[in-house]
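Peer 1: Residues per chain are reported as follows:
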Amino acid sequence: MSLLTYGLITGIIFGFLIQKARVVRYDKQVGALRLLDMTIIKFMFSAVFVGMIGIYFLYGRGVVGLQIKPVTLGANIIGGLMFGIGWGLLGYCPATQLGALGEGRWDALWGILGMLLGVSIFARVYPALKETLYAWADFGKITLPQALGLNHWIVILLLIIFGTLLLGWFEEKGL
Amino acid sequence: MKEKEGWNPYVTGALTGIVAVLSVLIVGKFFGASTSYVRSAGLIEKFFAPQRIAPMDYFIKYIPEIDWQFMFVIGVLLGSFIAAITSGNFRLQAVPDMWKARFGSSIARRAITAFVGGVIAIFGARLAGGCPSGHGLSGVMQLSVSGFIALISFFIAGAIVARSLYRGGDKK
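One line per chain: the protein sequences are A and B, in this order. Using this note's numbering, you'd call the opening residue of the first sequence number 1216 and step up by one each time. Using this note's numbering, you'd call the opening residue of the second sequence number 18 and step up by one each time.
Treat the hints with care, as some may be off.
[Stated by the list, open to error] Covered, in the sense of this in silico footprint (three residues per stretch, anywhere, with C-beta under 8 Å from a C-beta of chain A), are these stretches of chain B:
#, segment
1, 56-69
2, 98-109
3, 174-182
[Claimed, not checked] Over the 12 Å line for every Cβ pair with chain B, so calculated as not near, a few chain A residues:
#, residue
4, ILE1376
5, LEU1380
6, TRP1384
7, GLU1387
8, LYS1388
Hint data in this document are derived by calculation from the structure and do not stem from the laboratory. Every residue, glycine too, gets a C-beta built ideally from N, C-alpha and C.
Could you put together the complete structure from these sequences and hints?
Peer 2: Here is the structure:
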């Protein structure tokens, strides 16, 4: 099977699951940002818990490699905050809005068109960013275990404990 | 008619985690989405003005072509469509319920906000190096520091914007 077919099938399964979990909905996305409905956080934490155990199990056996994105502090934070502003307005993210469109919520089309324009603008600004924001506070490709000097299983355990407590609190509050 | 609640988010989340790990194991690909917008915009621009985009750094770095992630994103559309059709909750809707309760049913108002939001969101995602899939799911599950920083930044700004948009309560 070709790489493209794998991509399509993986996307179909992911799209199927996020629609079933209602994670694709504007009301769920903005519900989480308004701290009213934590469905997407529950989904995300659960996926990440399973994912980090699986990835580090395979990584530890040398079966898979990591693909870490570099820490460029200014770009990560300013870009992250900009994404958040846009996300708050749009109520979808780049992957989920395709799912929203798939279940007939066609306001996602505006977001898709906006994003196509947005990347074209970004591509034009990129040369200037390369010498400024990206060059500043570049810490390279680091992981939390490396930054903390701890074994990855300890970090994973701590994250799962902390995450589970947070999720428990959400459940208690009926969020 | 009240719509049925969705599948349990913990179960669907865990299944997603398994699929994400299998994808890395089988083809070495982590989930992501925002790069596909770069390739799509590149493909569109290439169609109209190939000579203009040829020298652009960003389209040299991200060659306008259909790759694994592009197909993944198309798959998300199809998968959601299949799930919605088979469970009977496919619904053509121009304005989300929560939005409608606050801002009314004007399609133009929703369209402009969503469009502007899309422009800002993807610019930010590309600057940050990824979106909630690439940084949030894939980055965090690799314990990548940049993933945590980006995800926290996404939520802080998103929460501030969403809260200010909805301050003052619903219409009527």
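Peer 1: Would the least Cβ to Cβ distance between ILE1376 of chain A and chain B come out above 12 Å?
Peer 2: About 15 Å separates ILE1376 of chain A from the closest Cβ of chain B, which puts it past 12 Å; holds.
Peer 1: Just checking, GLU1387 of chain A versus chain B, shortest CB gap more than 12 Å?
Peer 2: holds, 15 Å
Peer 1: Closest CB-CB distance from TRP1384 of chain A to chain B, is it above 12 Å?
Peer 2: The assertion about TRP1384 of chain A holds, with a minimum of 15 Å to chain B.
Peer 1: Taking 8 Å as the Cβ threshold, is the statement that the segment 98-109 of chain B is covered by chain A upheld or broken by the three-residue rule?
Peer 2: holds (count 9)
Peer 1: Can we trust that LEU1380 of chain A is non-interface, i.e. its beta-carbon lies farther than 12 Å from all of chain B?
Peer 2: holds, 15 Å
Peer 1: For LYS1388 of chain A, is the shortest beta carbon distance to chain B beyond 12 Å?
Peer 2: holds, 15 Å
Peer 1: With a Cβ-Cβ cutoff of 8 Å, does the segment 174-182 of chain B contain at least three residues near chain A?
Peer 2: holds (count 8)
Peer 1: For the segment 56-69 of chain B, do three or more residues have a beta carbon lying closer than 8 Å to a beta carbon of chain A?
Peer 2: holds (count 5)
Comparing the model with each earlier hint shows no violations; every hint is respected.
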